[in-house]
Amino acid sequence: TQLLEQSPQFLSIQEGENLTVYCNSSRVFSSLQWYRQEPGEGPVLLVTVVTGGEVKKLKRLTFQFGDARKDSSLHITAAQPGDTGLYLCAGGSSNTGKLIFGQGTTLQVKP
Amino acid sequence: NAGVMQNPRHLVRRRGQEARLRCSPMKGHSHVYWYRQLPEEGLKFMVYLQKENIIDESGMPKERFSAEFPKEGPSILRIQQVVRGDSAAYFCASSQNDRAGTEAFFGQGTRLTVV
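One line per chain: the protein sequences are A and B, in this order. Numbered according to my numbering, the first sequence terminates at residue 111, and the numbering increases by one at each position without gaps. Numbered according to my numbering, the second sequence terminates at residue 115, and the numbering increases by one at each position without gaps.
By construction, these hints were calculated from the structure, which means they are not laboratory data. Beta carbons: idealized from backbone N, C-alpha and C, even for Gly. Possibly wrong hints are sitting among the right ones.
Claimed, not checked - To be clear about the criterion: a stretch of chain B counts as covered by chain A if any three or more of its residues have a C-beta under 8 angstroms from a C-beta of chain A, and this derived list gives those stretches:
| no. | region |
| --- | --- |
| 1 | 64-77 |
| 2 | 94-101 |
| 3 | 104-110 |
Unchecked claim - From chain A, some residues computed to sit far from chain B (all C-beta separations above 10 angstroms):
| no. | residue |
| --- | --- |
| 4 | Leu-4 |
| 5 | Ser-12 |
| 6 | Ile-13 |
| 7 | Thr-20 |
| 8 | Gln-33 |
| 9 | Glu-41 |
| 10 | Leu-45 |
| 11 | Leu-58 |
| 12 | Gln-80 |
| 13 | Asn-95 |
| 14 | Lys-110 |
Build out the structure end to end from the sequences listed, making use of the hints.
Written out as structure tokens, the structure reads:
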């Protein structure tokens, strides 16, 4: 059973399109982190959200943490080929730095 | 300020051999986590260590796997008598503390291939 469900699992779009990736759970998390991973490399942290309803923006990327802290979304505006990669959400609990990861969303942006 | 350093990057072992994976956390970080990743999948938590202590090993297989984080030197993930199913990418992450929202930074991983 996957504690964190990401959707879609695969996404192939054209350059310039917008997209949203979802991360859902029935469990409450104290924090939610989003990572991007390229082939052969480790995950690179994009953002951490800790407050229910929080919205953070990173250039063309917008991250939102659900009010109940059970879900999150990542929206990319005007996707570029450089956005191609595996996007991972990870939930954190208080009193431990241990993270529970979703299965990831593989994004391909075609020029 | 160097990031999380893992070595080796690639490791090939024959079935039955031992694999030792090393992780040096970021400077100032005393919390280390090991994760395993199969192709096209997310990361699965294995073990959480602080200096000289195992805090949470709920994700570690019961046999053949062990981890340590000594007072001096890197954290080691050790896999004895490797089998083909152990082939995966193993990632180490470190953080400054274990409070909610603390950021974890990952190394580049060790890709273990068992032949």
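key: Hints breached by this structure   = Hints 1, 4, 8, 9, 10, 13 contradicted; others consistent.
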